[in-house]
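Protein chains in written order, with the numbering used here: chain A, 1 to 437; chain B, 1001 to 1463.
Simulated from the structure, these hints should not be mistaken for lab results.
Every residue, glycine too, gets a C-beta built ideally from N, C-alpha and C.
Check the hints yourself; a few may be wrong.
As the list claims (entries may be wrong) - A few chain B residues that don't get close to chain A, going by computed Cβ distances all over 10 angstroms: (1) Glu1073; (2) Asp1081; (3) Thr1114; (4) Glu1137.
Unchecked claim - Below, a list of computed lysine to any residue pairs in the SDA-like style, where the Cα atoms sit at most 20 angstroms apart: (5) B:Lys1029 <-> A:Ser46; (6) A:Lys251 <-> B:Gln1047; (7) B:Lys1118 <-> B:Gly1180; (8) B:Lys1030 <-> B:Arg1009; (9) B:Lys1139 <-> B:Met1035; (10) A:Lys80 <-> B:Gln1043; (11) B:Lys1257 <-> A:Ser128.
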Amino acid sequence: MNFDRLFELAKEAGIESIQVYLEENEQLELSVFKGELEKNQMANTSSLIIQGIYKGKMGRMTTEVIDLDQADEWVDAIVKSASLIESQDEVFIYEGDKDYPEIEGLYQPDLHEMDIAKKIQLAFDLESKMAKADERIDISQSMYNEVTKRVLIQNSKGLKLEKRVNNAFVGGQVVARADGDNRSAFDYEQSNVISDFNLDEIAEKMVTKAVSLLGAKSIKSSPYEIILTNDASASLLQAYASMFSAESVQKGMSKLSDKIGQTIANDLITIVDDPFLAKSPRSGAFDDEGVKTQHKELISSGTLKGYLHNLKTAKKADSTSTGNGFRGGVVPTNFYIQPGSSKYDELVKSMDKGMIITDLQGTHSGTNAISGDFSLQASGYYVEKGEIVKPVALITVAGNYLSLLQDVEAVCDDLKFAYNFIGSPSLKIKSLAVSGE
Amino acid sequence: MLEKSVIERVINTALDSQAEFAEVFIEDKKQSSIMMQSNTVEQAVNQIIFGIGIRVAKGYNSVYGYTNSAKEEDLIQLASDLAKSFQGERVRENIALGELKQGSKHSIKKMPDTVDMKEKVTIVKRANKAAREYSEEIKQVSVSYMDYVQNVWVASSEDIYVTDQRVRTRLGIHSVANDGKDMQSGFNGPGGLYGFEFYETFSVEEAAQEASRVAVTMLHADECPSGVMPVVIDNGFGGVIFHEACGHSLEATSVAKNASVFSGKKGDQIANPIVTAIDDGTIENAWGSANFDDEGRPQEKRVLIKDGVLNTYMIDYLNGKRMNEHSTGSGRRESYRFAPTSRMSNTYIDNGESTFDEIIANTEYGLYAKKMGGGSVNPSTGDFNFAVMEGYLIRDGKIAEPVKGATLVGTGKDALMKIDMVGNNLLRAQGMCGSLSGSIPTDVGQPTLRVSSMTVGGRKAAN
């Protein structure tokens, strides 16, 4: 697509510089439910985000009608949008970096080109393994979601960057039923290399979890020693990732302001933003602003090292962008707690009286990203003398995320990423308040 | 827009297979949004959303595809790709669409696209000012403004050819109170199926002050004690309890698959007889209303629970086939990017006979949840959880000190039976509901009611 005409029209309208971000997505979503192909969805979409600096303000518009004949209307919309902006923040259209890191394997043609019929078969196979793994499995649903994304960034300062990534999510959900009790479990694998998907393992993990939670009951309210599994810890980290954004810090919405250089977590904790992670669609050499990405530690052995920046927040802080300018704000790439050396099984064995939390529900409402407080519905297992005694549900765990990071006693080696590529290994926490009966 | 003959050719291409059903959904939406933070307008964006979704089904198995392209050849190609899932001898004749039907129940007085963005910014500034002036402890306010005009066309092989225009407007105020030690926030987000005249129906200043009031009150609140106790849930957004705990389990999406605790329970007593619950997509100018659902059927008023007895589910066309029931006009979707499924519209527990004062006075000790936050539910187990945004303890039949950090946990089935007092002050409030077919506007609502016992999670041991 040739944007020269748009850039010319923009110039004539008094727009100093202009940038287009074109994203094209090809998606396939499959789901097999109890032996039937329940969802089979294909899509081809493109969207265009246009940003332009007019009288020192950034105007913005987005459209899914990508027809260059409408370029004059787009220019008009940019001017109108910019005219309303009052923010005094300096805005940027980036001329580009000298060089960009080369990242291999972001796009794997074998995955993209594999016949749809084979992908459907894979979803059927997974569902059948889930359904047959245990007679108490009442409902099983497998999913295969694949996306191929192309991004083009082009601006009037001569920058032109392109990337293509692909990724598949293979997983599902089971409901186990026995004696009138229902328990569900969800698990998945993400990669762009088809041989990475071990269907037996995905099915087994999910089924084992659902079945082992059958008969779960509440437990006596008390503070308990806690093991947060990798899944549970990742969902909590996700709720608090915004604390590390310079945008939140500068707006007074983060408890981490003025804490750089301070110890804010146990020295076992290192939190990383890694744009070079293999097989992740969040990886890439540049962000949406065209800035080169970089690997960085936000917390390094317990010490806060810095925040995530885009061009705007970096300028305000007299710093440089960390290459985290995504979707008009500051967003992590692959963001995770670095794995440690503890073994999950050994941690369980070493626990005298405590709880393993495998699931946290309602993290979108039960967490306060500003104060760090949380109070969340949880399920998992009660442990006594190193043995799992019984499954537990209908309890809440409450605490504060920053205190939790300080109370970490062990970090496992089992890093796992959530679907949005925020990840964590399992963590041992000194104590959390559990309320149940 | 697409010509009728093009839509017919697309549908008929899809039917050139064993498919029994084919549907075209066209969406043309223009949205404007404004964001103000730190006393400055930081964003003002116009968005053009346009796309076409095609659904093809045999029995209750369906395939769905969507594209931004309005070119006939692209749509025919997509329809024929989708039909490949149902290869075999044709079962349906070509169809011809009838007259285009248009709904007109919800009148709009000031179309948002005719109002200058500057006027919209004025509303945002009024809200910002009022929220900040409420208290010196309010240190940060963000105000978001949103309006859109969504035009949809739905055509299907079931003799459906309709168009509907949904004009929606919403203002969101998020206030943060900070005393140097603690930060607490409050939110208020009034919205409706209105144009810009919405801002003549209520006080922008009062709506903004309400968000700040919650933040300041919670700043001075003690941690909520945990334990099992009676919970009085106030009217308005308190209805999120029913929405999450029961509403989702009454959607055909989970009922049809036998994945809901309420599957096969029609006619059964599932709630205390003082509970009647309704999902009404026809309420004039309500946030979750429309003339037609996103499968082209007229919106309806559905009495879900009558005097505690399960009366009807919320059913979309395909799940209806699975259940051997008719659609209740409940097929909804966020946009052309989603195949529709059964969803709530404006869902509420109907008025009972108690007064607010009676409910409080009859509760010796418990939690008064004045404002609820969001929550979620696992439809297969009915386990729910939601956050209390503004809460107070009730002591000796009187509202006592404010408490923060409370979460309500339970199961829908259980909570419905334990509702033992229902007030007479029904109020609805606006929310966004996320599920299989995306994030859609829904009203929640209820009068003040009491659940006789519920697990309250907090950070303080029980007293």
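A quick look at each hint next to the structure:
1. Once the 10 angstroms rule is applied to beta carbons, glutamate 1073 of chain B is consistent with being away from chain A; the minimum gap is 13 angstroms.
2. Once the 10 angstroms rule is applied to beta carbons, aspartate 1081 of chain B is inconsistent with being away from chain A; the minimum gap is 7 angstroms.
3. Every CB of chain A is more than 10 angstroms from the CB of threonine 1114 of chain B (nearest about 14 angstroms), matching its label as outside the interface.
4. Even its closest Cβ contact with chain A, about 13 angstroms, leaves glutamate 1137 of chain B beyond 10 angstroms, as expected for a residue assigned away from the interface.
5. Distance check on the hinted pair: lysine 1029 of chain B and serine 46 of chain A sit about 16 angstroms apart at the alpha-carbon level, within 20 angstroms; holds.
6. Of the pairs offered as hints, the one joining lysine 251 of chain A and glutamine 1047 of chain B is violated, with about 26 angstroms between alpha carbons and a cut-off of 20 angstroms exceeded.
7. The hinted pair formed by lysine 1118 of chain B and glycine 1180 of chain B fails the criterion: a straight-line CA distance of about 35 angstroms is larger than 20 angstroms.
8. Note on lysine 1030 of chain B and arginine 1009 of chain B: the hinted pairing is violated, with a Cα-Cα distance of about 27 angstroms set against a maximum of 20 angstroms.
9. Using a Cα cut-off of 20 angstroms, the hinted pair lysine 1139 of chain B and methionine 1035 of chain B holds, with the two alpha carbons roughly 17 angstroms apart.
10. Of the supplied pair hints, the one linking lysine 80 of chain A and glutamine 1043 of chain B holds, its CA atoms being roughly 11 angstroms apart against a limit of 20 angstroms.
11. Pair hint lysine 1257 of chain B plus serine 128 of chain A holds up; C-alpha atoms about 17 angstroms apart against a cutoff of 20 angstroms.
Of the hints listed earlier, those the structure fails to meet are numbers 2, 6, 7 and 8, in rising order.
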